[in-house]
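Chemist: Chain by chain, the residues run as shown.
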Amino acid sequence: MIDFLLARIGSAIVTIFGASVLAFAVLRAVPTNPARLIAGPFANDEVIAQVTANLGLDKSLPVQYLDYVTSFFIGDWGFSYSAGQPVLSQITERLPASAELALYAFLFAFFGAVLVTVLVSFLNSRWLDRFLRLLSFISVGVPPFWLALLFLMVFFERLGWFPGPVGRGPAPTGLYTGLFTIDYLLAGDFAGFGTALHHLALPSIALALGPFGYLVRLLRANLLDIINEPFVTVLHAKGVAPISTHFRHILPNAFLPTLTAGGLILAQLLGGSVLVERIFVWPGIGTLVIDGILRQDYAVVQAFIMLSAIIYIGVNLLVDILYGYVDPRVRRS
Amino acid sequence: MTEPPMSIPLLEVTGLKTSFTTPRGTVKSVDDVSFSIAAGKTLGVVGESGSGKSVTSLSIMRLVGRGGGVIDDGAIRLNLPGQPGLDIRALDEKAMRKVRGNDIAMIFQEPMTSLDPVWSIGDQTIEAIRLHQDVSKNEAREKAIEMLRLVGISAPESRVDDFPHQLSGGMRQRVMIAIALSCRPALLIADEPTTALDVTIQAQILDLIRRLQKEIGMSVLFITHNLGVVAEIADKVAVMYAGQVVEEGPVRTIFSAPRHPYTVGLLKSIPMPGGMRVDDAGSRRLDTIGGMPPNPLALPAGCRFAPRCSLAIEDCHKAPPPLVQAGDEHGVRCIRWQEVSK
Amino acid sequence: MRRLIAQLAHDWELLLGVVLFGLIVLLAVFGGWLWREDPLRVDILNSLLPPDLAHPMGTDDVGRDVLARFIRGAQVSMGVAISVTIAGTLIGGTLGLLAGLIGGWFDVVVSRIMDAILAFPPLILAMAVAIGLGQGIVSAGIGVILAAIPWYFRLLRSEVLRLRTLMYVESAQALGASSFRLIRLHILPQTTSTIFIQASSVFGFSILTLAALGFVGLGIQPPTPEWGTMITEGLAYALTGQWWLGFFPGLGIFILAVSANLIADRLRDIYDPKSGARLSI
Chain A
1 MIDFLLARIG
11 SAIVTIFGAS
21 VLAFAVLRAV
31 PTNPARLIAG
41 PFANDEVIAQ
51 VTANLGLDKS
61 LPVQYLDYVT
71 SFFIGDWGFS
81 YSAGQPVLSQ
91 ITERLPASAE
101 LALYAFLFAF
111 FGAVLVTVLV
121 SFLNSRWLDR
131 FLRLLSFISV
141 GVPPFWLALL
151 FLMVFFERLG
161 WFPGPVGRGP
171 APTGLYTGLF
181 TIDYLLAGDF
191 AGFGTALHHL
201 ALPSIALALG
211 PFGYLVRLLR
221 ANLLDIINEP
231 FVTVLHAKGV
241 APISTHFRHI
251 LPNAFLPTLT
261 AGGLILAQLL
271 GGSVLVERIF
281 VWPGIGTLVI
291 DGILRQDYAV
301 VQAFIMLSAI
311 IYIGVNLLVD
321 ILYGYVDPRV
331 RRS
Chain B
1 MTEPPMSIPL
11 LEVTGLKTSF
21 TTPRGTVKSV
31 DDVSFSIAAG
41 KTLGVVGESG
51 SGKSVTSLSI
61 MRLVGRGGGV
71 IDDGAIRLNL
81 PGQPGLDIRA
91 LDEKAMRKVR
101 GNDIAMIFQE
111 PMTSLDPVWS
121 IGDQTIEAIR
131 LHQDVSKNEA
141 REKAIEMLRL
151 VGISAPESRV
161 DDFPHQLSGG
171 MRQRVMIAIA
181 LSCRPALLIA
191 DEPTTALDVT
201 IQAQILDLIR
211 RLQKEIGMSV
221 LFITHNLGVV
231 AEIADKVAVM
241 YAGQVVEEGP
251 VRTIFSAPRH
261 PYTVGLLKSI
271 PMPGGMRVDD
281 AGSRRLDTIG
291 GMPPNPLALP
301 AGCRFAPRCS
311 LAIEDCHKAP
321 PPLVQAGDEH
331 GVRCIRWQEV
341 SK
Chain C
1 MRRLIAQLAH
11 DWELLLGVVL
21 FGLIVLLAVF
31 GGWLWREDPL
41 RVDILNSLLP
51 PDLAHPMGTD
61 DVGRDVLARF
71 IRGAQVSMGV
81 AISVTIAGTL
91 IGGTLGLLAG
101 LIGGWFDVVV
111 SRIMDAILAF
121 PPLILAMAVA
131 IGLGQGIVSA
141 GIGVILAAIP
151 WYFRLLRSEV
161 LRLRTLMYVE
171 SAQALGASSF
181 RLIRLHILPQ
191 TTSTIFIQAS
201 SVFGFSILTL
211 AALGFVGLGI
221 QPPTPEWGTM
231 ITEGLAYALT
241 GQWWLGFFPG
251 LGIFILAVSA
261 NLIADRLRDI
271 YDPKSGARLS
281 I
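Chains as they are written, first to last, in full-length UniProt numbering: chain A, 1 to 333; chain B, 1 to 342; chain C, 1 to 281.
Treat the hints loosely; a few may be bogus.
So, partial list: chain A residues that the calculated Cβ filter (under 8 Å) puts toward chain B [what the hints assert, rightly or not]: (1) LYS59; (2) PRO62; (3) GLU157; (4) GLY160; (5) PRO230; (6) PHE231; (7) THR233; (8) VAL234; (9) HIS236; (10) ALA237; (11) VAL240; (12) HIS249; (13) ASN253; (14) PRO257.
Keep in mind that the hints were calculated from the coordinates and are not lab data. A virtual CB, placed ideally from N, CA and C, is assigned to each residue, including glycine.
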C-alpha cells in the first residue's frame, strides 16, 4: 500500500513539473513580449522596462523558469494592475464563490447521473434507456453559457421562479467557510440557506448539465458491460435477488471509471465556472478571469491557469488513491 | 440418507422447448428435449456448441430470460426427497430464487469470469450460504472456510479473504464448486466446467466433482462437448444435435453400441483410449463429420443431421425422425438406426 | 460506406445526427448565396428588430441581420473546427504512430509531454495558448488543437502497440517490411474507422471549446461574427426581451455539437461495438 501511494505521488509530481514547464513555455516563452502582455496595452516604455526587470526577463530561460516556479509556490502570483491588488489576495477572496458553485454543480452532475442511470438500468426499460441516451447527448452538446442565458430568460424573466443575475444573494453575517449555504447552516439560519440555494440553482445546473451527460454515458456503458459479464449469470444461479445483484455487485464493478471521471469533473468545474459566472454576475474567479482577459491584465489569468492545473493533478492523485482503496485489483498489483 | 424410490427420478424434463427471438428470426435452441436424472446419478449431455445443451441447463434454472429466451413448452419437474414434486415452470420468481443455489446449483465454463472481481472469495461463498440458510455471519464464515477446505484450497483460513484475481483458473473453479455446493444441492448442473482449464487441472476438477457427489449424494447434469470426459463421469448420456436429443442411453451402451450416425461420428473424431472394439468394415467414411451444423434459423425439414450424414436416404430428408427405442433405456432419433454400427 | 448507408435506414439516431449536421453544412455552404444580406452592414435605424420575414432571426443592436451573421458564423465555426480536427488528427496521429513504432526515448519523451498537456483541463489549456499567442482565432484554434492532440496520440499509440503484437505484423517485420510499408498496409487500414470516430468527437469538442473561447473574449475579433462571440454580444439584451440575439447562435453550436456526438457514438457502436466505454469528451 505504501509503495502504491509513493508511486502515485511520484508520478503526480512529475506531471506537475511537466505542466509547469508547459505553462511557462506557453505563457512566458512565446514570441510576444510577456512584459507588454503583463503591463497591458496602455503601458509606456518606462513601465514595460520596469516590468521586464521585475519579471526577470533579462535572465536566461532556465533561471526564468525557476523564478516562475518558486514565486508561484511561495504565493507570489504577481500584481493585478487594473485592480491595484496582489493576484493572490484577489483569488483567495473570490475562491469560495467559485468553489461553492462548482461544488453544487458537481453534486447535481454526479449524484443526478448515478441515480438516474442506475435506476434506468435496473428498471431495464427500452424506452427509458433510449430517452436517457438522448438526454445525455443533449446535455453534452449544450454550451453551458447559452444554457445559462436560456435559464435566465425563461425561469427569471418569463416565469420569475428564480433570482436574476444578482450573484450569490445576501451574505451570511458570520463567514466561516465562505460557502454561503454552509455558513447559513452553521448559523442555524434555514431561511438564509434556502435563499443561498435559490441563487445557486440556475448557475449550478447550467454548469452541471455537460458533466451530467458525460457521466450518464460513461456509467451506462460500464453498467451494460458488467451486466453482460458471466459472473452476473452466476449470481442469478446462486439465487441472489435482482436488486441485490444490481446494487451490490454490478454497480460496484461498473462504478470505478465513473468515480475517476467524477473527480476530474470536480476539478474541471472549478475552472469551467468561467463560462457561467459572468452571466449570473457571480463574484467568483471566473468573472475575475474574464475581466482580466478583457482588460488584458493577464497576471490573474496566468495564476488561474497554473492553479487549475495543480488542482486538476491533485484531484487526479486523490482519485487514484481512492481507486486503489476501492478496487482490490489495483491495490495489490 | 433417505432415497426416493428408484421409480421417481430427481429431475424430469419432458418436451422442453426454448426459443430466442433475434432480429433475424426466432431460433428454436431447444426443441422437444426430454430426459431424466435419477437421484445420485450423473447425466452427461454431449454436443457441439450451439446444439442447445447450455440453453437446456439455463432453462432448468429458468435463466434464459436474461438472454432474451423464452420457454415455450414442456415440463420440468424436480422431485426432492420427502417433498411433493416441484413444477419449475409454474414457480413464481421468488420461489424460483429459493430453488436456485439451494436445490439446484450451477457451475460454469469460465472460472476466470464467473466470480465477482471486487468481492473476496469468502464473501461470495458466505453470500450463497446466508441466502439459503439461517445462520449468523460468523457461522457462515466458518462454513465458507470449511467448504473451501473441502474443495482442496490449502490454508483456507487465510485464503478466504483473497480476491479472485489472486487465484489461478483451477483454484477459481474450486471456489465456484465450493459456492455451488455450500448449500448441499440435490442437483449440480456443471456447464463445461473443465473446458477452460489445463489438462492436468481438468482431471483434478473431475475427481473433485465425483468425490463431492458421493459425499453429498447429489445428482449431476454434466454438460460437455468432450466424450472422453463423459466416459469418465456419467452414468447416462444424452447426445444433442441442433436443439434435439438424437441419442440417449447408459454410458456403456452409447460407447459400445451407438445407433445414431452423429454419435458414431463424434466417437470417431476423438482419439479414445482402449476398451472399445474397433470394427473396420464400413466405418472409414465416418471418420470425421463433414459439413457444418445447420443454420438455426433455417433447419432442415427432415432429419436435422441428414445433410451431413453419409447414411442419409431420401426418406431422411422428408420428415423428422421420431425418437425410437433401440434397446433397454436406449433411445435414438434415426430411421436407419438398425443399419448403423460403429 | 454501403454498410453506413444501409445503417442509416433503420438507425434513427444516426439519421438524426446526419440530417442535423447536413443542415448546418448546407447553410454554411449555400446560405450566403441564398441569403444575400451583408452580415457586417450596420443599420442603426433598424436595430433590435424581432424576427420577421425580412429578418428571420431579427437584427442586432446596431441593426445587422442576425441570420446573415448566423450563416457567416457557421462558416467560421465549421471552417475552424474542421481545420482544428484535421490538424489535431495529423499531428496527434503521426506522433502516436511514431511513438508506437520507434518506442524507446522518443516514446518516453513524447508520452511525458502528452501527460503534461493532459494535466490541464482542456478548456483552460486552450485559454492559456490563446492568451500566450495573442488574441485571435488562429491562437484559439491552436489552443484547441493542442488540447486534442493527446487523444489521438494515445489512440494511435495503443493501436500500433496492439497491432504490433499481432502475429501478422510481427511476421511482416521479420520479412523486412519497412516501417512505412507497415503503417500503410497493416496499421492504417485497421485504424481508419477508429480515427474517424475520434475525429467526430473532437469536432464536437472543437465547436464547443471555440465557442467558449469566443464567449470569454479569446476567439475571433469583432466585427467578424462567430457564434460564441455573438452570444456574448447578446447578453446585454437577453433580459430586456431581445432574446433572438443570443438564442440563435447558441442553437447553432448546440445542433452541431449534438449531431457530431451522435454520429461519433453511433459509428462507434457500428464499427467498434466493444469500446462503448471509450468516451473522449
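Chemist: Compare the structure with each hint and give your call.
Modeler: Structure-based check of all given hints:
no.: 1; hint: LYS59; result: 53 Å, violated
no.: 2; hint: PRO62; result: 46 Å, violated
no.: 3; hint: GLU157; result: 49 Å, violated
no.: 4; hint: GLY160; result: 49 Å, violated
no.: 5; hint: PRO230; result: 4 Å, holds
no.: 6; hint: PHE231; result: 5 Å, holds
no.: 7; hint: THR233; result: 6 Å, holds
no.: 8; hint: VAL234; result: 5 Å, holds
no.: 9; hint: HIS236; result: 5 Å, holds
no.: 10; hint: ALA237; result: 4 Å, holds
no.: 11; hint: VAL240; result: 6 Å, holds
no.: 12; hint: HIS249; result: 5 Å, holds
no.: 13; hint: ASN253; result: 6 Å, holds
no.: 14; hint: PRO257; result: 13 Å, violated
Hint compliance for this structure: hints 1, 2, 3, 4 and 14 are not met, and every other hint is.
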